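Starting from the structure of chain A, add chains B, C and D where the hints point.
Residue numbers (our numbering), protein chains in the order written: chain A, 1 to 376; chain B, 1 to 376; chain C, 1 to 376; chain D, 1 to 376.
Think of the hints as simulated: they come from the structure by calculation, not from any bench. Source: prediction; values computed, not measured. Keep in mind that a hint or two might mislead.
Any copy, or any two copies together, can satisfy a pair, since identical chains are not distinguished.
Taking lysine-lysine pairs in the DSS-like style, the calculated list, with each CA pair at most 30 Å apart, reads [to be verified]:
# : residue 1 : residue 2
1 : K221      : K370
2 : K86       : K56
3 : K221      : K354
4 : K100      : K277
5 : K370      : K277
6 : K277      : K193
Chain by chain, the residues:
Number of protein chains: 4
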Amino acid sequence: MITLTTAGESHGKGLFAIVEGIPQGLVIDLEKINGELFRRQSGYGRGARQKIESDKAEILSGVRNRTTLGSPVTLAVWNRDYENWKEFMAPEGCNTEERKVENVRPGHADLTGMKKFGVTDARNILERASARETAARVAAGGIFRQLLEALNIEVTGFVRSVGTSFDGATYTFEDVVKKRSAELAMLDRDVEKRAKKQIDSCKEAGDTLGGVIELRVRGLKSGFGSPMTYREKLDARIASTLMSVQAVKGVEVGCGFSLAEMKGSEAHDEIYYENGKFTRGSNRAGGIEGGASNGEELVFRVAMKPIPTLMRGLNTVNYNTKTPAKASTERSDVCAVPACEVVCESALLAEIAKVVSERLGGDTLSEWQKRYGELE
Amino acid sequence: MITLTTAGESHGKGLFAIVEGIPQGLVIDLEKINGELFRRQSGYGRGARQKIESDKAEILSGVRNRTTLGSPVTLAVWNRDYENWKEFMAPEGCNTEERKVENVRPGHADLTGMKKFGVTDARNILERASARETAARVAAGGIFRQLLEALNIEVTGFVRSVGTSFDGATYTFEDVVKKRSAELAMLDRDVEKRAKKQIDSCKEAGDTLGGVIELRVRGLKSGFGSPMTYREKLDARIASTLMSVQAVKGVEVGCGFSLAEMKGSEAHDEIYYENGKFTRGSNRAGGIEGGASNGEELVFRVAMKPIPTLMRGLNTVNYNTKTPAKASTERSDVCAVPACEVVCESALLAEIAKVVSERLGGDTLSEWQKRYGELE
Amino acid sequence: MITLTTAGESHGKGLFAIVEGIPQGLVIDLEKINGELFRRQSGYGRGARQKIESDKAEILSGVRNRTTLGSPVTLAVWNRDYENWKEFMAPEGCNTEERKVENVRPGHADLTGMKKFGVTDARNILERASARETAARVAAGGIFRQLLEALNIEVTGFVRSVGTSFDGATYTFEDVVKKRSAELAMLDRDVEKRAKKQIDSCKEAGDTLGGVIELRVRGLKSGFGSPMTYREKLDARIASTLMSVQAVKGVEVGCGFSLAEMKGSEAHDEIYYENGKFTRGSNRAGGIEGGASNGEELVFRVAMKPIPTLMRGLNTVNYNTKTPAKASTERSDVCAVPACEVVCESALLAEIAKVVSERLGGDTLSEWQKRYGELE
Amino acid sequence: MITLTTAGESHGKGLFAIVEGIPQGLVIDLEKINGELFRRQSGYGRGARQKIESDKAEILSGVRNRTTLGSPVTLAVWNRDYENWKEFMAPEGCNTEERKVENVRPGHADLTGMKKFGVTDARNILERASARETAARVAAGGIFRQLLEALNIEVTGFVRSVGTSFDGATYTFEDVVKKRSAELAMLDRDVEKRAKKQIDSCKEAGDTLGGVIELRVRGLKSGFGSPMTYREKLDARIASTLMSVQAVKGVEVGCGFSLAEMKGSEAHDEIYYENGKFTRGSNRAGGIEGGASNGEELVFRVAMKPIPTLMRGLNTVNYNTKTPAKASTERSDVCAVPACEVVCESALLAEIAKVVSERLGGDTLSEWQKRYGELE
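For reference, chain A alone in the conformation it holds in the complex:
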């Protein structure tokens, strides 16, 4: 069974992941992992830090001569600017006064975390709560993607909206792969143009933007997840993994919230039998019925809130003095929706990989391929 454990602070030595349960015999292309990391850092509307970094993954264990051993895979994404932060972050001893954060930022873990962990410096919270944690998940996602692709299971996604610039069109999986832009991961150039304008004006105003992301899984056969226990339900598991991504505040599958307004006669995907296969004329269920995949494409949508760190500073309080303050500004992104899209793909890849590993069992990739091939 696959597990994913992550660790690491935003300005510490690096971000780390241990992935257990990858079968023996998967050939890993490190460049593909780095490609995912690159995409996580790119996008219109990102601030300075992202540009400096240029993350690379290093494999520390579990792989020999590019091939997985079946043992736990350790991944490191070293922080390039650790040298500059060592003085303030080193486990071995450091100056904890200088980079102290006391003005707790609304929308972040600062205030809650400080109370919970009994500290007076929000840096001790934000360093881990930071979205930089996702670098480890994206690196692991690069492994999961290669694993799933060996079974012809593909995951993609795109940005449906940034702020109020929304693209409501219908797209095939192919469309997403072909039309997705590098800048905002959107598919419609006109909507994207509007989105970029919104970003520009928010940047000027010291404000930020969120958006809606759509995720797709193609090639997952039917019967992953199960109606037999509530814990095994595929939609429940995916909802959890997506909601665990920083800044995500909503998850829906298929037509999601709009299903609540439809009548039953409009909402379900009728079943036909053609050319030796059960087929559907529609996919409003988003590929999941009764808590299991039904063989159609999985479709999930996710709402990302606007980044809670604003250059203009939200009203808050100094945690220690209790006096009014402007929230500390650790980062300066205006919009990180495309980055969030990458992270959501990684989170989804991880969960699909787990579900697949549990149903297939097995120790080697060739066993996985054989068993997967035998499923209907």
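What follows is chains B, C and D alone, placed relative to chain A:
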């Protein structure tokens, strides 16, 4: 640590749950549990079966003289009509031909489940996949509610919409408790009137309706859940438990999807300090920041799809003959949104109880109360 | 994946188990389960209670027409004497004064449990801590045995010693199956005769006896368990399940503790290749190398301490008054080693079933059989 | 809750561990961790490799300025000789022909692992199955020890025997701490002298030795672990963690296997009340009754088999050619019992820390200390 394991088929002997980790010393009021079960079966728009049943919970273990022992609590909700179904369902041997279901119902687990479990009778799938499973979760929810109330943590909820009849007003926790109707669990009588009309006309048309449910948690202190690992995030855990409820297709926290359209300056809950406490002027985050409770009310909204079993029958296929057919009709509810609301409360109660048990540790209710009282 | 959850008090309504993850399509013979339960209650040296009871299992869910559905299987072993105990044990309300236990029994959970769970009546502890809990595990074991036998994996065991009457001979799996006596589950009639004499004289003296049990697994192919993570090691997992059985104080695999005295040249099982297979001349490792099964028979030995409830009463203290007392006597067995042997088999069956389910994945028995057949 | 995840190959870049759930506020002394690692590598009878290495731990995350943050702690023990092995082990690409191992070693994971993971080079198995994995566990053990010492819970251990040189004397916890030798971790100098002679003569003969290790826990209050579910039993959990240590083939608690020969009247620890406390005159139970700690010292004994890699080579087969061969010799230790003792302490520390974290809950060390202090 609390765990909840459920079992049981829809027309089998009953529905069962084992709850581990309930601390010693909780006095259980069985009538309160039965009250939850009653509410799960009530509501405008329910069909015949629900009326016959009138579920009662029986405690089989873990409680002595109304007081929990600290040992696993076993709950049974016996099926009142098992005598009539015995002939077709008995574990000990039965007639499996007569109640065979072959016309797989769109929107249900039938088709997927039959392939997955290699059976030719959908009854072998639907008996467990049925929403009747939730009777066990609601019974357990009755225990969790009494446990959490001993810590002054309260959970409630209401129906925001049935079909297109939507109530967009703002309500306090108190409002929900006081104004919730018995029929549709709605708060606004005018909206409810419209909803009932929609239900009536759907009933005539052999159609069904879904809706939107809102859930609230009051009294949960800050710091439940954690930003430190993705698995511990409270919103991720709650999203999973809510999405695991039959027919739920979307989950959002706080302002959820509408946050994606807001600017950062509009989306976050600024922090103030008044009368010796950190306060907020708003609760758009729905009580969760950085994956942990922030001390505000938790607010979740859930989308329920329309019931997929329509009296008029959706188009489908006979699984075995592959010929076109009308979907089998096992139940005849038009709208089960109020029932789903009860189940969502139960699912939420279970997850909150788990999170609380992990942070408090402890073996007895008085330890729980002491430790909870000491949290900030 | 298979899980086993048990519940129930010794004099409550019954003992209960929910087993998740049993594949679809296993035909269950209830009589075989009852046979295991009967064996748990039998044996030379048992006191009165065991004779009255005559446990039977009832299947409450997960099985239809004798065949598993793939849904959670609920088992009940109803307590036949609950009617007599209802007055003192009923969850719905009862008299808790009359059967109060205050003289905490050495070797039992009484003292520790009372402190931990904050109670003044040891009955609130001993009812769950009692070895009667194992009735649920044995019933579940009956399911696991039938499941594993469908893969030609067999589990057996016997009593090597009672007190100082020790049988050190070498036995094949066949020997165990054929020669095991009903009275003490021993293989050598002379040793057994001595053991019975010891039991008789202990009975007269109001004393008790323990013993050593040996367990065998035949037909488990190589590669179950894994050297890749410490949690997956088969010997670690089995050690845990066996040590969890009431009264077990030691577990060893293969030659176990005597390996510590041997030289390396004497201790290991050299490898040969004959008739197209790797073979061994010996099995000192007990079928596990590097934390995984090596295809040889699994051999485990377990030490059971003498029953801690003595008719003559051990010295102790009244928990509430703190005055010296004789330990309460809830049961009157002299020797329960054969019963413990049955429970150890059940515990072993459960763990093997779990390990097998994780490696095979799959949803139906026929998938299990196919995949198991394909392993080397 | 505490979890421990390890990774890393014997001749790879290093050994790694992620520890989740360490509370905030523990000051970590890296030198103490290195002291544990040093002790793991020392001892009379070790071969060349151990001397070269001189392991040091590096903390990669979870600690800032020597103080834990409450976030996952990542530990690395870099392999000092990786530079020499890079050519044969690098994840990024390497020569896999030159260090190929085909003569599968009896007593190791080689044969089983090759079949399981479908490889023709035992190096792909042994690199992870190697006892070097324990370096990660020992490093983590160094953290757990410091955590538990902050609660005044101490763990120690010593070597009772090497081969047939057995020390059967009775020792207090103090004795162990004071008298334990650096060379063989034994307490009796005469026995140790004999043991060293045995090691010397084994070395000459190209043979190896195992032994028996005794472990102690002092200061653990009563009520850790639980009789309420079989999974929670402290002895079961500890048996698992100890059996997961490479080369361990037996585990017993208290008087263990000798309890099986005693009568009940001799085997249990009678209870008295003196000076306001419940006391015992003996500790044959090894500090655990009913699956929970009883406040006495925990006493466990473990059997380590002789190292399966002998300089003189055991008979085996070439996995690929199927021809007879002498087992490959990767290491040259004669006796690693003292090293195993250190690992067992680490494994025990990990499990105790997990059990403690579950009962205490809490996020900070000061919360832990307060709650632990309040237990009886």
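Hint by hint, here is what the structure shows:
{"no.": "1", "hint": "K221 to K370", "verdict": "both (14 Å within a copy, 19 Å between copies)"}
{"no.": "2", "hint": "K86 to K56", "verdict": "both (19 Å within a copy, 20 Å between copies)"}
{"no.": "3", "hint": "K221 to K354", "verdict": "both (15 Å within a copy, 25 Å between copies)"}
{"no.": "4", "hint": "K100 to K277", "verdict": "between (62 Å within a copy, 22 Å between copies)"}
{"no.": "5", "hint": "K370 to K277", "verdict": "both (21 Å within a copy, 24 Å between copies)"}
{"no.": "6", "hint": "K277 to K193", "verdict": "neither (42 Å within a copy, 44 Å between copies)"}
Comparing the model with each earlier hint shows a violation of hint 6 alone; every other hint is respected.
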